[in-house]
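S.K.: Sequence:
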Amino acid sequence: MARIEDFFIASNTVDYMPDDNYKTISSLIHSVKAFARITYQSVYLIDYYKQDFLYVSDNPLFLCGHTAQEVKEMGYHFYLQHVPEDEQKMLIELNSSGFKFFEARDDVDKYKCFMSYDFHLQQDSKKILINHKLTPVLLTNEGKIWIALCIVSLSAHKESGHVEFHMDGLYDYWDYSFEVHKWKLHKGVVIKEEEREVLRLSAEGLTMTEIAEKMCRSVDTIKFYKRNLFEKLQVSNVMEAISRATNYKLL
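Following the UniProt record's numbering, the numbering of the sequence shown begins with 1 at its first residue and continues without gaps.
What the hints contain is simulated information worked out from the structure, not anything from laboratory work.
It cannot be assumed that every hint is accurate.
The following label-pair restraints were derived from C-beta to C-beta distances [to be verified]:
#1 Thr246 - Ala10: 27 to 37 Å
#2 Asp109 - Glu159: 25 to 35 Å
#3 Val219 - Thr246: 31 to 41 Å
Capping the alpha-carbon separation at 30 Å, the derived lysine-lysine pairs in BS3-like fashion look like this [what the hints assert, rightly or not]:
#4 Lys223 - Lys127
#5 Lys89 - Lys133
#6 Lys133 - Lys112
#7 Lys127 - Lys144
#8 Lys158 - Lys127
#9 Lys126 - Lys112
#10 Lys100 - Lys184
#11 Lys100 - Lys249
#12 Lys100 - Lys126
#13 Lys184 - Lys214
#14 Lys23 - Lys133
#15 Lys144 - Lys126
#16 Lys112 - Lys214
#17 Lys249 - Lys214
#18 Lys158 - Lys89
#19 Lys158 - Lys23
#20 Lys184 - Lys126
#21 Lys226 - Lys158
#22 Lys127 - Lys192
#23 Lys127 - Lys249
#24 Lys100 - Lys133
#25 Lys223 - Lys182
#26 Lys214 - Lys110
#27 Lys187 - Lys100
#28 Lys182 - Lys214
#29 Lys158 - Lys50
#30 Lys33 - Lys72
#31 Lys110 - Lys126
#32 Lys100 - Lys89
#33 Lys100 - Lys158
#34 Lys187 - Lys249
#35 Lys89 - Lys72
#36 Lys144 - Lys23
#37 Lys158 - Lys249
#38 Lys100 - Lys112
#39 Lys133 - Lys187
#40 Lys226 - Lys249
Just so you know, these numbers come straight off a predicted model, no measurement behind them.
All residues carry an ideal CB built from backbone N, CA and C; glycine is no exception.
With the hints as extra help, turn the sequences into a complete structure.
M.R.: Rendered as structure tokens:
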């Protein structure tokens, strides 16, 4: 069984934070609350100095039957209670490797980075697979993450893992292998404008024939675009393709 202290290593432990620095936090929380009101995703803030949750939105996806206030008060105990035990070990490893990888960036680039990964949340006998993204909001003077913003949505995959490290402005990204315990650079996904249009029209609920008419293409051509999309995005249906493309900011 994992322990809370297992989630914290030298790379993500903040030893000191003056009380005066917390004077700006209420404005930060106010801004995040405004964002949470207009997004379907769950949103929360982590304070790495206090090692707890600073704010949790009331979107039910992340809450596992609790209120937002209850999850905030639980802090990291929430993970221990609602993440399967084998995946707790996964979270601890990716947390350690991710923060060490993050620490290697310079301070300007750190604000451009985010980490994305999938794991299950369980409530009683029910499990849901979520995608979890984490990005820095405030750094310490030493360049460590003090406050991080986390975004939770339904996963577009079928199993946990899929740990990726992205940096704004780069198409390429790194993914983490739990087999060799290393990060590997990958080419980013690039889709053509016609393929993007197919996804947009599919998201509107149009059939293959309607998409073909709208784009002045044959149905066979639309099928060809979809096959290419499924291969590039490594999915098996159009709903997964839309979700994956949204996560990769391709739409």
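S.K.: Run the structure past the numbered hints and jot down the numbers of the failing ones, going up.
M.R.: Violated hints (numbers, rising): 3, 4, 7, 9, 12, 13, 15, 16, 19, 20, 22, 25, 26, 28, 29 and 31; every other hint is consistent with the structure.
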